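Let chain G serve as the given structure and place chain V on it in line with the hints.
Chain order of the listed sequences is G and V.
Positions 250 to 804 (this note's numbering) are the ones given, in order, by the first sequence.
Positions 250 to 804 (this note's numbering) are the ones given, in order, by the second sequence.
Worth flagging that the hints you see were computed from the coordinates, not collected in a lab.
Some clues are possibly wrong.
Take a look, some chain V residues computed to stay more than 10 Å from chain G by CB distance [unchecked claim]:
| id | residue |
| --- | --- |
| 1 | His289 |
| 2 | Arg412 |
| 3 | Asp435 |
| 4 | Arg472 |
| 5 | Glu509 |
| 6 | Lys549 |
| 7 | Pro574 |
| 8 | Asp609 |
| 9 | Lys639 |
| 10 | Leu745 |
| 11 | Met747 |
| 12 | Ile796 |
Below 20 Å or equal to it, Euclidean Cα-Cα: the simulated SDA-like pairs (lysine to any residue) are [claimed, not checked]:
| id | chain 1 | residue 1 | chain 2 | residue 2 |
| --- | --- | --- | --- | --- |
| 13 | G | Lys793 | G | Gly748 |
| 14 | G | Lys549 | G | Arg600 |
| 15 | V | Lys589 | G | Asp616 |
| 16 | V | Lys658 | G | Gly581 |
Which chain G residues face chain V? A few, computed with CB under 10 Å, are given here [to be verified]:
| id | residue |
| --- | --- |
| 17 | Thr303 |
| 18 | Leu605 |
| 19 | Ala690 |
| 20 | Gln712 |
| 21 | Trp791 |
| 22 | Ala800 |
| 23 | Val802 |
If you're wondering where the values come from, they're calculated on a predicted model, not measured in any experiment.
No residue lacks a Cβ here, since even glycine has one placed at the ideal position from N, Cα and C.
Number of protein chains: 2
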Amino acid sequence: MNARRRADLPHELVFLPLGGTGEIGMNCCCYGAGPADDRHWLMVDLGVKFGEETDPGIDVVLPDVSYIAAEKSRLVGLVLTHAHEDHLGAVAWLWPQLQCPIYCTPFAAQILALKLKEAGLDEQVPVKTMAVGARFTLGPFALEFVAVTHSIPEPTALLIETRQGRVLHSGDWKIDRTPVLGQGMDEKRLRDIGAKGVDVLVCDSTNVLREGHSPSEADVARRITDIVRQAEGRVAITTFASHVDRIVTAIRAARATGREVVIAGRAMRNTIEAARACGMLLDSGRLLDEEEFGYLPPGKVMLLCTGSQGEPRAAIARIAEDIHPHVSLEPGDLVIFSSKTIPGNEKEVGRVLNNLARLDIDMVTGDDDLVHSSGHPRQGELALLYDWVKPRALIPMHGEPRHLRAHRKFAQARGIDDVAIPRDGHILRLCPGPLAEIDEAPCGRLHVDGRLIVPGEDGPARQRRRLSFSGIVFVSVVMNQRGDLAADIEVMSDGLPMGLEGELAAAAEQALGAMPKPRRKDREALAETIRTAVRRAADGLWGKKPIVKVAIVDV
Amino acid sequence: MNARRRADLPHELVFLPLGGTGEIGMNCCCYGAGPADDRHWLMVDLGVKFGEETDPGIDVVLPDVSYIAAEKSRLVGLVLTHAHEDHLGAVAWLWPQLQCPIYCTPFAAQILALKLKEAGLDEQVPVKTMAVGARFTLGPFALEFVAVTHSIPEPTALLIETRQGRVLHSGDWKIDRTPVLGQGMDEKRLRDIGAKGVDVLVCDSTNVLREGHSPSEADVARRITDIVRQAEGRVAITTFASHVDRIVTAIRAARATGREVVIAGRAMRNTIEAARACGMLLDSGRLLDEEEFGYLPPGKVMLLCTGSQGEPRAAIARIAEDIHPHVSLEPGDLVIFSSKTIPGNEKEVGRVLNNLARLDIDMVTGDDDLVHSSGHPRQGELALLYDWVKPRALIPMHGEPRHLRAHRKFAQARGIDDVAIPRDGHILRLCPGPLAEIDEAPCGRLHVDGRLIVPGEDGPARQRRRLSFSGIVFVSVVMNQRGDLAADIEVMSDGLPMGLEGELAAAAEQALGAMPKPRRKDREALAETIRTAVRRAADGLWGKKPIVKVAIVDV
Numbered sequence: 250m251n252a253r254r255r256a257d258l259p260h261e262l263v264f265l266p267l268g269g270t271g272e273i274g275m276n277c278c279c280y281g282a283g284p285a286d287d288r289h290w291l292m293v294d295l296g297v298k299f300g301e302e303t304d305p306g307i308d309v310v311l312p313d314v315s316y317i318a319a320e321k322s323r324l325v326g327l328v329l330t331h332a333h334e335d336h337l338g339a340v341a342w343l344w345p346q347l348q349c350p351i352y353c354t355p356f357a358a359q360i361l362a363l364k365l366k367e368a369g370l371d372e373q374v375p376v377k378t379m380a381v382g383a384r385f386t387l388g389p390f391a392l393e394f395v396a397v398t399h400s401i402p403e404p405t406a407l408l409i410e411t412r413q414g415r416v417l418h419s420g421d422w423k424i425d426r427t428p429v430l431g432q433g434m435d436e437k438r439l440r441d442i443g444a445k446g447v448d449v450l451v452c453d454s455t456n457v458l459r460e461g462h463s464p465s466e467a468d469v470a471r472r473i474t475d476i477v478r479q480a481e482g483r484v485a486i487t488t489f490a491s492h493v494d495r496i497v498t499a500i501r502a503a504r505a506t507g508r509e510v511v512i513a514g515r516a517m518r519n520t521i522e523a524a525r526a527c528g529m530l531l532d533s534g535r536l537l538d539e540e541e542f543g544y545l546p547p548g549k550v551m552l553l554c555t556g557s558q559g560e561p562r563a564a565i566a567r568i569a570e571d572i573h574p575h576v577s578l579e580p581g582d583l584v585i586f587s588s589k590t591i592p593g594n595e596k597e598v599g600r601v602l603n604n605l606a607r608l609d610i611d612m613v614t615g616d617d618d619l620v621h622s623s624g625h626p627r628q629g630e631l632a633l634l635y636d637w638v639k640p641r642a643l644i645p646m647h648g649e650p651r652h653l654r655a656h657r658k659f660a661q662a663r664g665i666d667d668v669a670i671p672r673d674g675h676i677l678r679l680c681p682g683p684l685a686e687i688d689e690a691p692c693g694r695l696h697v698d699g700r701l702i703v704p705g706e707d708g709p710a711r712q713r714r715r716l717s718f719s720g721i722v723f724v725s726v727v728m729n730q731r732g733d734l735a736a737d738i739e740v741m742s743d744g745l746p747m748g749l750e751g752e753l754a755a756a757a758e759q760a761l762g763a764m765p766k767p768r769r770k771d772r773e774a775l776a777e778t779i780r781t782a783v784r785r786a787a788d789g790l791w792g793k794k795p796i797v798k799v800a801i802v803d804v
Numbered sequence: 250m251n252a253r254r255r256a257d258l259p260h261e262l263v264f265l266p267l268g269g270t271g272e273i274g275m276n277c278c279c280y281g282a283g284p285a286d287d288r289h290w291l292m293v294d295l296g297v298k299f300g301e302e303t304d305p306g307i308d309v310v311l312p313d314v315s316y317i318a319a320e321k322s323r324l325v326g327l328v329l330t331h332a333h334e335d336h337l338g339a340v341a342w343l344w345p346q347l348q349c350p351i352y353c354t355p356f357a358a359q360i361l362a363l364k365l366k367e368a369g370l371d372e373q374v375p376v377k378t379m380a381v382g383a384r385f386t387l388g389p390f391a392l393e394f395v396a397v398t399h400s401i402p403e404p405t406a407l408l409i410e411t412r413q414g415r416v417l418h419s420g421d422w423k424i425d426r427t428p429v430l431g432q433g434m435d436e437k438r439l440r441d442i443g444a445k446g447v448d449v450l451v452c453d454s455t456n457v458l459r460e461g462h463s464p465s466e467a468d469v470a471r472r473i474t475d476i477v478r479q480a481e482g483r484v485a486i487t488t489f490a491s492h493v494d495r496i497v498t499a500i501r502a503a504r505a506t507g508r509e510v511v512i513a514g515r516a517m518r519n520t521i522e523a524a525r526a527c528g529m530l531l532d533s534g535r536l537l538d539e540e541e542f543g544y545l546p547p548g549k550v551m552l553l554c555t556g557s558q559g560e561p562r563a564a565i566a567r568i569a570e571d572i573h574p575h576v577s578l579e580p581g582d583l584v585i586f587s588s589k590t591i592p593g594n595e596k597e598v599g600r601v602l603n604n605l606a607r608l609d610i611d612m613v614t615g616d617d618d619l620v621h622s623s624g625h626p627r628q629g630e631l632a633l634l635y636d637w638v639k640p641r642a643l644i645p646m647h648g649e650p651r652h653l654r655a656h657r658k659f660a661q662a663r664g665i666d667d668v669a670i671p672r673d674g675h676i677l678r679l680c681p682g683p684l685a686e687i688d689e690a691p692c693g694r695l696h697v698d699g700r701l702i703v704p705g706e707d708g709p710a711r712q713r714r715r716l717s718f719s720g721i722v723f724v725s726v727v728m729n730q731r732g733d734l735a736a737d738i739e740v741m742s743d744g745l746p747m748g749l750e751g752e753l754a755a756a757a758e759q760a761l762g763a764m765p766k767p768r769r770k771d772r773e774a775l776a777e778t779i780r781t782a783v784r785r786a787a788d789g790l791w792g793k794k795p796i797v798k799v800a801i802v803d804v
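One chain only, chain G, in its complex shape (with noise of 0.2 Å):
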């Protein structure tokens, strides 16, 4: 490229984001500075989001980044801002194309090495592990791990300082003064920041729609341990499996109403290792096996587990259902929902709380009680933060697109007039001022099916949903070299009502009997032919047209 730069381009920093503008999940973007015929490019967040029910037999979405990994050479990084799933659980699917450094801090570097190692990558990729407040430099890019609070351990907002100018990424964000783990919100650093000035905050908008602030951590341990000490029989959490700062009230409270902690759930297993790894969770004393749970008394026992999503396989879920290995519960037992409802998880949540339900056992969920505090900024702390660090613009990122509308009257509300809503693959000019689209970019999104990625857009996936809605008919039609059958025509059929293949067999044959010898000997319209008398005869018995495929064999 340097080849063809044209040297009167003027230096930009641009922001391209790549997923996660306008909806929940797979959040990437990418920071460019320097000419536009010259860009280095800087990676933010590199997550998956879960296949929806439009998307059947996907669990896991990626997005396209195909453009970066074209100029991979000019990518000086990725940098995560925290551990979720959602900012980086796209890596050990798309390292491959990318080829860059890695860098995060410790608890995202042991997550994430995890997930490498699953995907036989552990040797290869390159993982730097910074400090939360760690300073480094990727090419153009001068950046900073800002300390936040969340809801995992160790997230930080980015400073991402060029010569062009100071963008703070927030990640993902609330405002906690006292967090039950961790430093908390490194509130000084951000007015130091504000003080010397930022060009553009990209900030997390899930939670703009509500007013005030926050409950802390600290509120929500406290209740929860009211309600473990009231609890007579048995006690099941169940709530993120990553969220440390819950996981730590959980094992407090049941320590101190006399419980032992019985842990269920492969990723809570996984999570509590990693944290353990980077000097969490050392004091909270012998967590047991599921097969421990029922050799305990229904009050001397906590059961802290995943599936607070509803997630079919999860292990509340297999509870509700009375068919986990080791774990029953019984009328009178108590199951806390420590988590909210992710929009799109209700029926699925539903699903556990009537089972739960129809095995008489008592719940409360964030609903009823405080249980759980969102991870998210309400309206109280955006401007609060606003405040702090005082931004020329604003790009509102992680919501859907009410979210993001609903951000951008907010801020303009409070003196932020320059907003602009990102979308997918836009290229926006931040520095210098203003925001301005100024090109595009292709994007999308990669369907991880089976152990292949394939194309979101126009994949199987699609065809999938097509032959869920009228399933599909195959006609196997043997010709021989006169044209005419060489044997009776066979039909089979998936997903139709029973006791139509006869009635097809005939159309199809009808149909064929229809046309004359010669033009048989056009097969594709031949084919054509009887794929259509068979959808037009099975919309006259059934009323709806299937999916048909003709196979013409000559023998």
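Showing chain V alone in chain G's frame:
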């Protein structure tokens, strides 16, 4: 049956729910009077439930009423408490099995007539229209429609009296002392009924988790009028198509603020027509058609439309996607969601809200302001009804399992000790008391698939769900008399990643080749061998095992 009657069996009043216990929708219960071998049945409500994503391609789910249909000579009638889909939507589908007279109030009769006409049944079905408050006798059942309040015109509770005892079947209700339309809840009659003694109250549980009293329609009307008054651009209000009170509120708000009213959505037009046929909405003035929307100045128009549950083909969804043929909104226009999101519809509603946000349109929902009030009783209202009716026993209905369980707890805390949570297909003896499960009847659910009614539990939707996870492969194998391939093996697939078919065909050929010729004569064994080989090959290449179907054709 009389022939086999044993004279010594006791006379009982029993309750048999066939749908709607522990799920939302598909309400259908039966009351049986007489000795166990000589019961007469009364059916109350016959509603649909909407299909879920776990049943792809299914829009409508029906209760399986074959147990009652098999004794239809002993079915004295079907009584409909009100006109909501989940109470009468299955009549046009299932009446041919039941062939009984139907009793309902005038508004429900209007709504039903439309459905029967569409199904070509309007000439055959005997629908008896009864006034709210009417008393009538069907076989051993003396019945009375008691006026309640709810989110549709002419909602009723049903008083059921037999020689064995008295039951009040609440239907769906709330206590609204200032409804927009209708005579209001007949508190006096309910108190009188209570004074004479009620054995069992069969009661709505939908909002039992909420404390206090529901706001009145009058409160909602005031807020909506204020919001419309402040709006400067176009206003669209979406609500449940059948919510005539709310439609009246919206029209009055438009008239009060000098706006014309445009109606969009067939279901809402149908409701308005039915309401007018019953003497409602007569003073609402001219309601305009969609085509007229574009000609009116922004400040002079209100659109009243369907789609409050995010239905993708409804008016507001198409407006939000900017693909509606006649209506488009612009930045600064306002959409009021005068509705609540029914659990399970969150994603769909979210999609509409986000699309509106992308168009920069302002929104108000029931989460933001008092623009909706539920039609179901909160705890304060339940306590009042208990106080009026003073039931000896209670059966919680209309809710998910966690609501039914919470209702039991709530009722028991208020001195109603005898509470039984009903289950579809389980026959409860109501009188003589106490409540007791005495028998089971077959039940289940049916799917409307295309225009056929098919089994719900193990029908084509379940097959299609399997298809939607891992796709399908068809293999055509043409064999000659000598046991050799007469043509190349043909593989066609759908829902698999691209480019696997060649290798799957190779796996099929290899499996065939490895099979000794004499064994190939067993066509079933041959097909199974090929099927297994193809599945294994797909698993190796992709990591998933698709459905594989093999056609062996002999020439």
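Hint check:
Its beta-carbon lying about 32 Å from the closest one in chain G, His289/V satisfies the requirement of being farther than 10 Å from that chain. Separation of Arg412/V from chain G is adequate, the least Cβ-Cβ distance of about 35 Å exceeding the 10 Å criterion. At the 10 Å boundary, the C-beta of Asp435/V stays outside the reach of chain G, the nearest C-beta of that chain being 33 Å off. Its beta-carbon lying about 18 Å from the closest one in chain G, Arg472/V satisfies the requirement of being farther than 10 Å from that chain.
A cut-off of 10 Å between C-beta atoms confirms that Glu509/V is not in contact with chain G; the least separation is 28 Å. Look at Lys549/V: its CB is around 26 Å from the nearest CB on chain G, clear of 10 Å, so calling it non-interface holds up. Look at Pro574/V: its CB is around 24 Å from the nearest CB on chain G, clear of 10 Å, so calling it non-interface holds up. At roughly 7 Å from the closest C-beta of chain G, the C-beta of Asp609/V falls inside 10 Å, breaking its exclusion from the interface.
No Cβ of chain G comes within 10 Å of the Cβ of Lys639/V; the nearest lies about 27 Å off, and the non-interface call holds. Residue-level check failed: Leu745/V sits 6 Å from the nearest beta carbon of chain G, not beyond 10 Å. With a cut of 10 Å on Cβ distances, Met747/V falls inside the contact zone with chain G, its closest approach being about 8 Å. A cut-off of 10 Å between C-beta atoms contradicts the statement that Ile796/V is not in contact with chain G; the least separation is 6 Å.
Proximity of Lys793/G to Gly748/G is assessed by CA-CA distance (about 15 Å); at most 20 Å being required, the pair is judged to hold. Between Lys549/G and Arg600/G, the direct Cα distance comes to roughly 28 Å. Violation of the 20 Å bound is thereby established for this hinted pair. A distance of roughly 17 Å separates the Cα atoms of Lys589/V and Asp616/G; the hinted pair therefore holds under the 20 Å criterion. Annotation: proposed proximity of Lys658/V to Gly581/G holds, straight-line Cα distance about 12 Å (limit 20 Å).
This hint holds: Thr303/G has a C-beta 8 Å from the nearest C-beta of chain V, less than the 10 Å allowed. The beta carbon of Leu605/G is positioned within 10 Å of a beta carbon in chain V (closest approach about 8 Å), and the interface hint is therefore held. The criterion of a C-beta within 10 Å of any C-beta in chain V is not met by Ala690/G, whose closest approach is roughly 20 Å, and the hint is violated. About 5 Å separates the beta-carbon of Gln712/G from the nearest beta-carbon of chain V, less than 10 Å, and the hint is met.
The criterion of a C-beta within 10 Å of any C-beta in chain V is met by Trp791/G, whose closest approach is roughly 4 Å, and the hint holds. With its C-beta approaching chain V no nearer than about 4 Å, Ala800/G sits inside the 10 Å limit, and its interface hint holds. Look at Val802/G: its Cβ gets to within about 5 Å of chain V, closer than 10 Å, so that hint holds up.
Violated hints, listed in ascending order, are 8, 10, 11, 12, 14 and 19; each of the other numbered hints is respected by the structure.
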